[in-house]
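Visitor: Start from chain P and add chains V and A according to the hints.
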Amino acid sequence: MKIITFLSDFGTKDGYVSQMKGVALEITDARLVDITHDIAPHNILEGAFTLRSTAPYFPTGTVHVAVVDPGVGTERRGILITTSKHILIGPDNGLLMPTAHLLGDFIVYDISNEKYMLNPISTTFHGRDIFTPVAAHITNDVPFEKIGNRIDDFVDLDFGQGEIRENAATGKVIYIDRFGNAITNITGDVLSNGLTYNKNIMVFIGEKCIELPFVKSYGFVKKREMLATIGSSNFLEIGINQGNAAKKLSIKEEDKVEILFA
Amino acid sequence: MKIITFLSDFGTKDGYVSQMKGVALEITDARLVDITHDIAPHNILEGAFTLRSTAPYFPTGTVHVAVVDPGVGTERRGILITTSKHILIGPDNGLLMPTAHLLGDFIVYDISNEKYMLNPISTTFHGRDIFTPVAAHITNDVPFEKIGNRIDDFVDLDFGQGEIRENAATGKVIYIDRFGNAITNITGDVLSNGLTYNKNIMVFIGEKCIELPFVKSYGFVKKREMLATIGSSNFLEIGINQGNAAKKLSIKEEDKVEILFA
Amino acid sequence: MKIITFLSDFGTKDGYVSQMKGVALEITDARLVDITHDIAPHNILEGAFTLRSTAPYFPTGTVHVAVVDPGVGTERRGILITTSKHILIGPDNGLLMPTAHLLGDFIVYDISNEKYMLNPISTTFHGRDIFTPVAAHITNDVPFEKIGNRIDDFVDLDFGQGEIRENAATGKVIYIDRFGNAITNITGDVLSNGLTYNKNIMVFIGEKCIELPFVKSYGFVKKREMLATIGSSNFLEIGINQGNAAKKLSIKEEDKVEILFA
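Protein chains in written order, with the numbering used here: chain P, 11 to 272; chain V, 11 to 272; chain A, 11 to 272.
Bound conformation, chain P alone (with noise of 0.2 Å):
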């Protein structure tokens, strides 16, 4: 089965996600699915981690399109990316590496044969332009040597790995989703260093300190109260049953964050 993702900082207000499915469906008979495209505008480092959240999930041979892309139009490139299992392409802005790493070995290609884009390219919207018709291309088997040349020089990206101490981590938060949990870079890991369930831990985030409960999922807490828990990402975060901990708290992404546990 041929499939093409689509993540993007677009909204679904406007025609622009769609511009981009009709001239994918121009070229190709894959299928078309959103990962989402309502990353909050410009904002790289919360795409990069929402498709590296999201693009594992998917059957070998999917092709990423991924574009939070305030630099289009000026010299910043395109790139495609391969890895044994995933495509990836977008702007060289760091928004493809997380992934690319978490996937294990990959390459990375520039984009740059006109033969695969539209005609004409508009300079405000190389998502439609530019990376849609080359994924759709790549769903027909075109090889990834004719979109352009392999490169080094691309642009990095992570988020930093939290630290993982003797009783203690420290990292901070790199996603806050819509339930209002906040998404630390403080791995699963933690599990097997000492942190165990159903006991209290403490939580500096942000100017706070909290003492809190770590449970393994949010139903172990009573409703409205908060709680720390390894989420669906293997990452450590901090939440409230049923409400918003990131509103109550203030806390907001790169927010720096320290657990003691005993």
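Simulated from the structure, these hints should not be mistaken for laboratory data. A few of these clues could be false.
Which copy is meant is left open, so a pair is good if it fits within one copy or across any two.
[Said to hold, decoys possible] Cut-off 27 Å, straight-line C-alpha distance, at most; resulting in silico cross-link-like pairs (DSSO-like, lysine-lysine):
id: 1; residue 1: Lys125; residue 2: Lys95
id: 2; residue 1: Lys23; residue 2: Lys95
id: 3; residue 1: Lys182; residue 2: Lys233
id: 4; residue 1: Lys266; residue 2: Lys156
id: 5; residue 1: Lys262; residue 2: Lys232
id: 6; residue 1: Lys23; residue 2: Lys258
id: 7; residue 1: Lys226; residue 2: Lys95
id: 8; residue 1: Lys233; residue 2: Lys262
id: 9; residue 1: Lys23; residue 2: Lys262
id: 10; residue 1: Lys125; residue 2: Lys232
id: 11; residue 1: Lys257; residue 2: Lys209
id: 12; residue 1: Lys23; residue 2: Lys233
id: 13; residue 1: Lys232; residue 2: Lys218
Guide: Structure of chains V and A alone, referenced to chain P:
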């Protein structure tokens, strides 16, 4: 044609919904159709109403995955319900039940066979790890009996039904839609009990009492004028032509409604 | 490949959109693609602009269902429009017309044959009960003539077209997108009338007068700086790089715009 629909309170900002789709497409080539993901977080009643309004329009054999699941990760079970036309899959918290009752005779199975789930199963996201893969396997003709055992002690839920008397009806608001129309649980049966179009009726709703025209549709009153009508789900609803009745009258879900028609 | 697109002001919170999809899938195996459902409620002009910007990107033979329909349930007709490339279906209130004009010669049919509608037909939701089933039957090669009669007295609509003079152009704002970019009805033809990139221009918009650089794309000015450019739909637009121009300048749809370029 194989079809899986998805309904949830996950929103579309995060990658959660598309993680489910990726998981589905690993297993099945079914069509994937979103019902909505904008159910108010944890609002089982709202999810149940929307599923009930929508599922019946899909072709026979459609599998509906619905996830509004505040109890995820606790002991609450997952269930699969078969009816003569559709299959419903989701948490055992009442969410699926109004639809099951509407569709006629049904059988409920406990979802317990881990063979048809993802491995590992997170404690926070059964939509992705349990309900979606089960749905995908069902579209591949896995027999219901292989998913789990038949049960009778599921959690039931209904919206109540408005009471229709001579020249009057009482009920409550069960849903407020995007336009601010307040949909009640008084059914279109009032039409055969004396309510007639193009006459005024008295409506008591929340704390307010208002006189309104009862008309065939919104376009029968002037812009910004209030009205009552039988909506597209065959329930009495109160609205404003090109305006927001719920805001103007401060109507909330669960508000009592009484109508008098001479 | 059979394709049906959907555009509406229904939002995605309720089940309305997916009710249409369920109805379509009962009749056809066409691809179903959303253009958008976030048109401002009852805003025909906004729906018309978005359809016109998007429909042309789809393959020949695509059927577009568009529903922004404040007059539903009254005497306003439903229409089907054929062009050399696409088929348009929706209410006879102007919504489809800018797209029809853009696509060249067209024929308009009154939708009147109940054989191709749902039964019963609600008075509030013709998108589901009339327009979608008609579209689905059209993808199954039902001849246009079977849907209804040709008519010439349809409701027309256009955005007006900006006027280009020597060193100046006047027009109005016809659309504000999710990023807060204000799109005018002054076309890219100004480029062949003396407007050149990388020079400043004077812009009168609403009550304000500002001097702005005219550039090839957003990335050519610094973050948070204002600019004018020719956008991806080939209209002049006023925006802020990574900011919201409509908010900052209090721009509304229909605001007059005048630009002076020396």
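Visitor: Each hint: holds or not?
Guide: Now for the hints, and whether the structure bears them out:
Taking the closest pair of Cα atoms, Lys125 and Lys95 come within 27 Å of each other both inside a single copy (25 Å) and across two copies (24 Å). In this homomeric assembly, Lys23 and Lys95 come within 27 Å of each other (Cα to Cα) only across copies, at 25 Å, whereas the closest approach inside a single copy is 32 Å. Taking the closest pair of Cα atoms, Lys182 and Lys233 come within 27 Å of each other both inside a single copy (26 Å) and across two copies (26 Å). Taking the closest pair of Cα atoms, Lys266 and Lys156 never come within 27 Å of each other, the shortest separation being 44 Å inside a single copy and 47 Å across copies.
Within a single copy, Lys262 and Lys232 get their C-alpha atoms as close as 24 Å, and across copies as close as 25 Å, so both meet the 27 Å cut-off. In this assembly of identical chains, Lys23 and Lys258 lie within 27 Å of each other by CA distance solely across copies; the values are 20 Å between and 29 Å within a copy. Proximity of Lys226 to Lys95 under the C-alpha cut-off of 27 Å is found in neither arrangement, the shortest distances being 31 Å within a copy and 37 Å between copies. Taking CA atoms no more than 27 Å apart as the test, Lys233 paired with Lys262 passes in both settings, with 23 Å inside one copy and 21 Å between copies.
For the homomeric pair Lys23 and Lys262, the shortest alpha-carbon distances inside one copy (26 Å) and between copies (16 Å) are both at most 27 Å. Within a single copy, Lys125 and Lys232 get their C-alpha atoms no closer than 59 Å, and across copies no closer than 31 Å, so neither meets the 27 Å cut-off. In the homo-oligomer, the alpha carbons of Lys257 and Lys209 lie at most 27 Å apart inside one protomer (24 Å), although the nearest pairing across protomers, at 44 Å, exceeds that limit. Only between protomers do Lys23 and Lys233 lie at most 27 Å apart by alpha-carbon distance; the minimum there is 24 Å, versus 34 Å within a single protomer.
In this assembly of identical chains, Lys232 and Lys218 lie within 27 Å of each other by CA distance solely inside one copy; the values are 22 Å within and 35 Å between copies.
Taken one by one, the earlier hints fail for this structure at numbers 4, 7 and 10, listed in ascending order.
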